[in-house]
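Enquirer: Chains as they are written, first to last, in the working numbering: chain U, 2 to 223; chain D, 485 to 818.
Treat the hints as calculated values from the structure; they're not laboratory data. Any given hint could turn out to be false.
[Unchecked claim] With a cut-off of at most 25 Å between alpha-carbon atoms, the simulated SDA-like pairs for lysine to any residue come out as follows:
no., chain 1, residue 1, chain 2, residue 2
1, D, Lys674, D, Val707
2, D, Lys554, U, Ser203
3, D, Lys654, U, Ser203
4, D, Lys654, U, Val222
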Amino acid sequence: MPERRRLFLGIDCSSPWGGVALFDEVKVVGSVCVEGSRHHPFQPVQWIDELLSSLNASPEELAGVGVTKGPGVFTGLRVGLAVAKGLAFSLNIPLYTMTSCEAIARCLPIKGLICSLLDARRGEFYAATYRWNKGVIEPLTEVMLLSKKRVKEMEGKVLFVGPGVTAAEVEGVDLPLPVAALVARYTCDMVKKDKEPDDPSSVLPSYIRLSDAEANRGIQVV
Amino acid sequence: MNESLILGIETSCDDTSVAILRGEREILASVVSSQNELHAPFCGIVPEIAARRHLELILPITQQVLSEAKVNMDQITGIGVTTRPGLVPSLVVGLSFAKALAWSRRIPWVGVDHLEAHIFASFLEGEIEFPFLALVVSGGHTSLFVVKGYGELQLLGETRDDAAGEAFDKVASLLQLGYPGGPVIDKAAKEGDPALFELPRPYMKETWDFSFSGLKTAVVHLVKREGIKPGSPEVNHVAAGFQEAVVDVLVAKTLRAVKELSIPRVVVAGGVAANSRLRRRFEEVAKEESLTIKVPPLSLCGDNGAMVAFVARYRLEMGERSPWHEDVRSRTGY
Chain U
2 MPERRRLFLG
12 IDCSSPWGGV
22 ALFDEVKVVG
32 SVCVEGSRHH
42 PFQPVQWIDE
52 LLSSLNASPE
62 ELAGVGVTKG
72 PGVFTGLRVG
82 LAVAKGLAFS
92 LNIPLYTMTS
102 CEAIARCLPI
112 KGLICSLLDA
122 RRGEFYAATY
132 RWNKGVIEPL
142 TEVMLLSKKR
152 VKEMEGKVLF
162 VGPGVTAAEV
172 EGVDLPLPVA
182 ALVARYTCDM
192 VKKDKEPDDP
202 SSVLPSYIRL
212 SDAEANRGIQ
222 VV
Chain D
485 MNESLILGIE
495 TSCDDTSVAI
505 LRGEREILAS
515 VVSSQNELHA
525 PFCGIVPEIA
535 ARRHLELILP
545 ITQQVLSEAK
555 VNMDQITGIG
565 VTTRPGLVPS
575 LVVGLSFAKA
585 LAWSRRIPWV
595 GVDHLEAHIF
605 ASFLEGEIEF
615 PFLALVVSGG
625 HTSLFVVKGY
635 GELQLLGETR
645 DDAAGEAFDK
655 VASLLQLGYP
665 GGPVIDKAAK
675 EGDPALFELP
685 RPYMKETWDF
695 SFSGLKTAVV
705 HLVKREGIKP
715 GSPEVNHVAA
725 GFQEAVVDVL
735 VAKTLRAVKE
745 LSIPRVVVAG
755 GVAANSRLRR
765 RFEEVAKEES
775 LTIKVPPLSL
785 CGDNGAMVAF
795 VARYRLEMGE
805 RSPWHEDVRS
815 RTGY
């Protein structure tokens with residue numbers, strides 16, 4: 002009997018483009034990238050099913066799952082996390098999470114300062130700045146919620162990348178990025194390095210923003 | 485060993501609930517985590533807060549239920565999850581989680597209608613002869629159905645504006661009695677005289693639909709006109725009068741359906757079925773009119789995973805399966 006493959010699953014439902022990808026310790030063996038809309042919500046389980054079927058792979062071959070935890074569209078973040086939690090628990094495999102800003106920056110291994118940008122609506126943006134240093138990505142800021150004006154002020158000093166670039170009206174890269182594939186590869190790395198995984202029963206999205214009801218009333222529920 | 489073990493998941497509104505059902509009606513474990521204290525400062529359910537809490541609780545509660553039932557995922561033979569109607573952000577959490585469990589373990593699963601689940605909650609206590617009438621009254625719904633068989637529901641009428649439970653919440657908020665409105669109005673009404681203040685009965689005799697927003701507005705006017713202060717004894721009379729008006733309408737419309745359709749069996753379901761006055765009145769009516777009226781025990785009135793598991797069991801047995809692209813809907817399929 003041949004040795005069972007070890008596949009690593011990446012899930013991203015944090016931005017207008019969602020997707021899943023599988024990494025087999027060497028290469029990305031398959032990925033799905035879909036533009037979501039009100040009428041076509043993200044269906045990561047359907048994508049995972051189609052992807053594994055096309056590779057003749059079974060759920061038991063999954064050796065780890067990774068997911069972007071935000072910031073991003075609230076419902077999308079919950080879809081991604083709920084699926085990742087379910088898989089990690091049910092298959093008893095490690096779960097790793099990454100902020101969507103870091104996942105986006107990891108798609109661009111280039112010199113200089115990279116600022117990931119996601120549209121937070123209402124004229125605001127989720128942003129974080131990174132730098133590559135000898136093949137390792139370093140965060141230079143926390144993930145922040147910035148006004149369009151603040152984003153504009155950074156123009157020329159950083160390379161903007163991500164699905165917020167067009168809405169912010171700044172120079173930068175706004176293309177469907179292979180975020181899920183990046184997360185899948187990262188998950189493989191983490192498993193191989195035996196890094197401490199996240200606890201599926203307690204890990205939560207990075208919403209950054211409160212719910213409107215809390216923000217409007219100045220109340221924060223705990 | 486051939487007995488089914490169904491995992492039922494319900495996150496349609498503000499209660500995270502999971503249960504395991506063995507065979508037709510043996511609840512091995514059931515956990516319902518209420519979020520009332522989270523939504524109380526807002527005097528109503530905030531969908532975004534509800535959805536966030538569902539995601540926090542869904543896995544720990546599932547683990548708790550499996551452990552209490554002494555069951556592992558390998559033994560689960562089917563999964564049922566509420567997919568409609570309800571708050572979309574809340575429903576999405578339960579559905580996404582359920583799909584991941586079902587897919588990874590190749591467990592048959594099916595999306596369940598929340599109103600159907602409420603109606604069949606009574607079956608967890610024993611079967612009821614078909615056809616019967618079902619009145620579903622909760623924070624989000626006020627609907628009257630004819631139920632002809634398992635999964636065979638015909639909608640007669642529903643609320644055109646506020647659900648009964650929603651009206652309870654709004655009146656409780658106006659009277660500063662607290663949240664949720666159902667239990668606090670029920671309690672206050674016990675100290676009040678329902679006949680002291682006159683309130684309208686929206687019978688809507690030309691239709692099977694309901695409407696409670698006019699009644700709620702009448703309470704607002706009454707409180708203003710009489711200068712009723714929160715905390716005063718009059719509050720209890722208003723609560724009693726309002727509750728009596730709602731109960732009168734619900735009972736009268738159900739009885740009209742019993743007579744016009746010649747169906748002497750009624751199931752009352754949903755969170756508002758926990759109201760003591762409503763339960764008492766239906767008990768009295770059952771005696772007076774020689775009807776079979778079934779109201780589930782309090783533990784099965786509110787949202788719970790067991791009722792979802794019950795419906796999933798017969799739907800799966802009928803061969804029904806949901807596709808991976810199944811989505812949630814804010815409205816019922818009926």
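Enquirer: State the violated hints by number, sorted upward, taking the hints as numbered earlier in the document.
Expert: 3
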